[in-house]
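**Student:** Residues per chain are reported as follows:
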Amino acid sequence: MFPPGLFTLQFMQNAWIAGTAIAIIGGIVGFFVVLRGATFVAHAVPRASFAGAAGAAVVGQSSVLGLGTFAVLSALGIASISRERRHGVATALILAAALGLGDLFLTIGHVYAPAVFALLFGQIVGISTHDVRAVLIVSVITVVLFAAAFRPLLLQSVSPHVAEAHGFWTRGLEILFLLLVSGAAAAMVPVVGALLAFSLMVGPAAAGSILGKSPLQALAWSVAFGVLSLWLSVWLAYLTFWPIGFYVSGFCLLFYFAARLIKR
Amino acid sequence: MKIEQTVQTTPQAALEITDLGVAYESTWVLDHIDLTVKQGEFIGIIGPNGAGKSTLLKTLAGLIRPSRGEIRFPAARGRRHPVGYVPQRFDLDPDLPLRARDLVGLGLDGHRWGFAWPNAQRGRKIEQALAQVDLTGFADHPAGKLSGGQLQRVLIAQALVSDPELLLLDEPLSSLDLASAQTVVDVVHRVSQNLGVTVLLVTHDMNPLLPVMDRLIYVVNGQAVIGTVDQVVQKDVLDKLYGYDVEVLRLHGRILVVGDETASGDAAGFEHR
Ligand SMILES: Nc1ncnc2c1ncn2[C@@H]1O[C@H](COP(=O)(O)OP(=O)(O)O)[C@@H](O)[C@H]1O
Ligand SMILES: [Mg+2]
Numbered sequence: 013m014f015p016p017g018l019f020t021l022q023f024m025q026n027a028w029i030a031g032t033a034i035a036i037i038g039g040i041v042g043f044f045v046v047l048r049g050a051t052f053v054a055h056a057v058p059r060a061s062f063a064g065a066a067g068a069a070v071v072g073q074s075s076v077l078g079l080g081t082f083a084v085l086s087a088l089g090i091a092s093i094s095r096e097r098r099h100g101v102a103t104a105l106i107l108a109a110a111l112g113l114g115d116l117f118l119t120i121g122h123v124y125a126p127a128v129f130a131l132l133f134g135q136i137v138g139i140s141t142h143d144v145r146a147v148l149i150v151s152v153i154t155v156v157l158f159a160a161a162f163r164p165l166l167l168q169s170v171s172p173h174v175a176e177a178h179g180f181w182t183r184g185l186e187i188l189f190l191l192l193v194s195g196a197a198a199a200m201v202p203v204v205g206a207l208l209a210f211s212l213m214v215g216p217a218a219a220g221s222i223l224g225k226s227p228l229q230a231l232a233w234s235v236a237f238g239v240l241s242l243w244l245s246v247w248l249a250y251l252t253f254w255p256i257g258f259y260v261s262g263f264c265l266l267f268y269f270a271a272r273l274i275k276r
Numbered sequence: 004m005k006i007e008q009t010v011q012t013t014p015q016a017a018l019e020i021t022d023l024g025v026a027y028e029s030t031w032v033l034d035h036i037d038l039t040v041k042q043g044e045f046i047g048i049i050g051p052n053g054a055g056k057s058t059l060l061k062t063l064a065g066l067i068r069p070s071r072g073e074i075r076f077p078a079a080r081g082r083r084h085p086v087g088y089v090p091q092r093f094d095l096d097p098d099l100p101l102r103a104r105d106l107v108g109l110g111l112d113g114h115r116w117g118f119a120w121p122n123a124q125r126g127r128k129i130e131q132a133l134a135q136v137d138l139t140g141f142a143d144h145p146a147g148k149l150s151g152g153q154l155q156r157v158l159i160a161q162a163l164v165s166d167p168e169l170l171l172l173d174e175p176l177s178s179l180d181l182a183s184a185q186t187v188v189d190v191v192h193r194v195s196q197n198l199g200v201t202v203l204l205v206t207h208d209m210n211p212l213l214p215v216m217d218r219l220i221y222v223v224n225g226q227a228v229i230g231t232v233d234q235v236v237q238k239d240v241l242d243k244l245y246g247y248d249v250e251v252l253r254l255h256g257r258i259l260v261v262g263d264e265t266a267s268g269d270a271a272g273f274e275h276r
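In order, the protein sequences belong to chains L and P.
What the first sequence shows, in this note's numbering, is residues 13 to 276, in sequence order.
What the second sequence shows, in this note's numbering, is residues 4 to 276, in sequence order.
FYI, nobody ran anything at the bench for these hints, they're computed from the structure.
All values derive from a computational prediction rather than experimental measurement.
Backbone N, C-alpha and C fix where the C-beta goes; we use that ideal spot for every residue, glycine too.
Take the hints with a grain of salt, since some may be wrong.
So the derived label-pair ranges between C-beta atoms look like this [claimed, not checked]:
#: 1; chain 1: L; residue 1: T182; chain 2: P; residue 2: S177; range: 22 to 30 angstroms
#: 2; chain 1: P; residue 1: R127; chain 2: L; residue 2: S92; range: 42 to 50 angstroms
#: 3; chain 1: P; residue 1: F93; chain 2: L; residue 2: G112; range: 39 to 47 angstroms
#: 4; chain 1: P; residue 1: T21; chain 2: L; residue 2: G112; range: 37 to 45 angstroms
#: 5; chain 1: L; residue 1: A160; chain 2: P; residue 2: N122; range: 13 to 21 angstroms
#: 6; chain 1: P; residue 1: F93; chain 2: L; residue 2: A159; range: 26 to 34 angstroms
#: 7; chain 1: L; residue 1: G138; chain 2: P; residue 2: S177; range: 57 to 65 angstroms
#: 8; chain 1: P; residue 1: R257; chain 2: L; residue 2: A104; range: 51 to 59 angstroms
#: 9; chain 1: L; residue 1: L88; chain 2: P; residue 2: A26; range: 30 to 38 angstroms
#: 10; chain 1: P; residue 1: Q196; chain 2: L; residue 2: A160; range: 35 to 43 angstroms
#: 11; chain 1: P; residue 1: D98; chain 2: L; residue 2: G262; range: 21 to 29 angstroms
#: 12; chain 1: L; residue 1: L240; chain 2: P; residue 2: A26; range: 48 to 56 angstroms
#: 13; chain 1: L; residue 1: G184; chain 2: P; residue 2: R253; range: 47 to 55 angstroms
Please put together the full structure from these sequences, using the hints given.
**Tutor:** And the structure:
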């Protein structure tokens, strides 16, 4: 059940710490992703940020820095060209542009293939202590921003007319939301990979929103499902040597179905 | 009843609109609107589709900036949010993790930063607002699963909980069956009487409001006139407003305005049933 080293090896301790942090922010940011029906954005921002990691490799910077920069830039890009709350076209354009850049960086930068592979699919066993620190810093910033913006974002999501009547700048709140998504993306990509990061921002929150009767309850369920998915995945990935992304996305789907069944 | 009130204290104006004009891009949707509404009045806003009723309400709620003219709330005395507003057509995803009390609570303090930690005083205010719209006992009901009439009343509670001077309701009766519509009218009427809130309620059918409204604002093509039903719903007044001949029919205490360009069936008070 619990093979030696699961909790004692340095890189496994790193995996537990970074994994728990991203599961928590996936759960809280996911709450708004699901509430606002912004799953495409949650899917696109981590993938767009992948290009940043490739760019960082070209100029010899840390990949988390590159991820963060591109996550924020893509969020601001989406906010600047989208109309009202319809992000579809803007998101697609920004994602395509970012992936094109990523392609360019990989070509001119001669980035080592396993490094690319790790960024795409995550590498729970390869997280350095330095990476863990970066993930924790981004996570704390995201949590603080989330806590501060919680009520106005909730208000705008379910009663936009009241938010407007109070003089909130609609696009400003929109940018705040996109920044939360980019914070989550920057923290998640090194751990679970650019391709599967969004599953932690969608599955647990969707399950939580089904089971929770109030926003705070939904949030609590969402974080609980995220953390549980991630813990189970770290354990199984270590046990079987299969990729963590496989387990994370599988458990996210499983919990969603379970929530649907329970609520019936 | 209203007359007694007027005798006791001359009500102050709740709303003064002078030479209001609103344009979307370059088309004027409202033009040269002048009117005054007294404190505690129940005003119906009537008019055909596209007349500018929603635009007028959004402008009063502060969602649209007037292109010209002035809006004042003399009775509000510097209060930051003198207006509670419920928009036209508002629906919620049935699976939202939101109870009626959460929706009302957002009206109270949703604009503040941070979390709203439950406390007794906040809970009391929310329950009081729900009681005012006859929804005692519905506080923990899922907001997305309320009936159309219940959701309208929760939204009215959401607007009322911030203790506004004016309540602006955009077509709260449309898409409701007769009984639910009547409940909403009764609730709003009682609120205006008990709390002294000034009400502006938009409807395309004036008949449900005839027993309760003090005056009406009739809007056609961006122009508006205000007065009692007897003053405004008259052939000569409406002919001028519409710009063509209309007929005003009074049948069994109901009023029908029939225009000769009502192919769209949108004339105010036009009977669809
Ligand atoms: N956001 C907008 N941009 C441009 N035109 C608009 C907008 N909203 C409404 N209009 C136009 O303004 C006019 C008045 O609309 P509205 O106030 O919604 O009328 P009502 O509520 O009386 O049906 C209509 O001709 C409508 O097409
Ligand atoms: Mg309208």
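**Student:** Are the hints correct? Go through all of them and say.
**Tutor:** Hint check results:
no. : hint                                 : in the structure
1   : L:T182 to P:S177: 22 to 30 angstroms : 25 angstroms, holds
2   : P:R127 to L:S92: 42 to 50 angstroms  : 44 angstroms, holds
3   : P:F93 to L:G112: 39 to 47 angstroms  : 41 angstroms, holds
4   : P:T21 to L:G112: 37 to 45 angstroms  : 56 angstroms, violated
5   : L:A160 to P:N122: 13 to 21 angstroms : 20 angstroms, holds
6   : P:F93 to L:A159: 26 to 34 angstroms  : 28 angstroms, holds
7   : L:G138 to P:S177: 57 to 65 angstroms : 60 angstroms, holds
8   : P:R257 to L:A104: 51 to 59 angstroms : 53 angstroms, holds
9   : L:L88 to P:A26: 30 to 38 angstroms   : 31 angstroms, holds
10  : P:Q196 to L:A160: 35 to 43 angstroms : 41 angstroms, holds
11  : P:D98 to L:G262: 21 to 29 angstroms  : 23 angstroms, holds
12  : L:L240 to P:A26: 48 to 56 angstroms  : 55 angstroms, holds
13  : L:G184 to P:R253: 47 to 55 angstroms : 52 angstroms, holds
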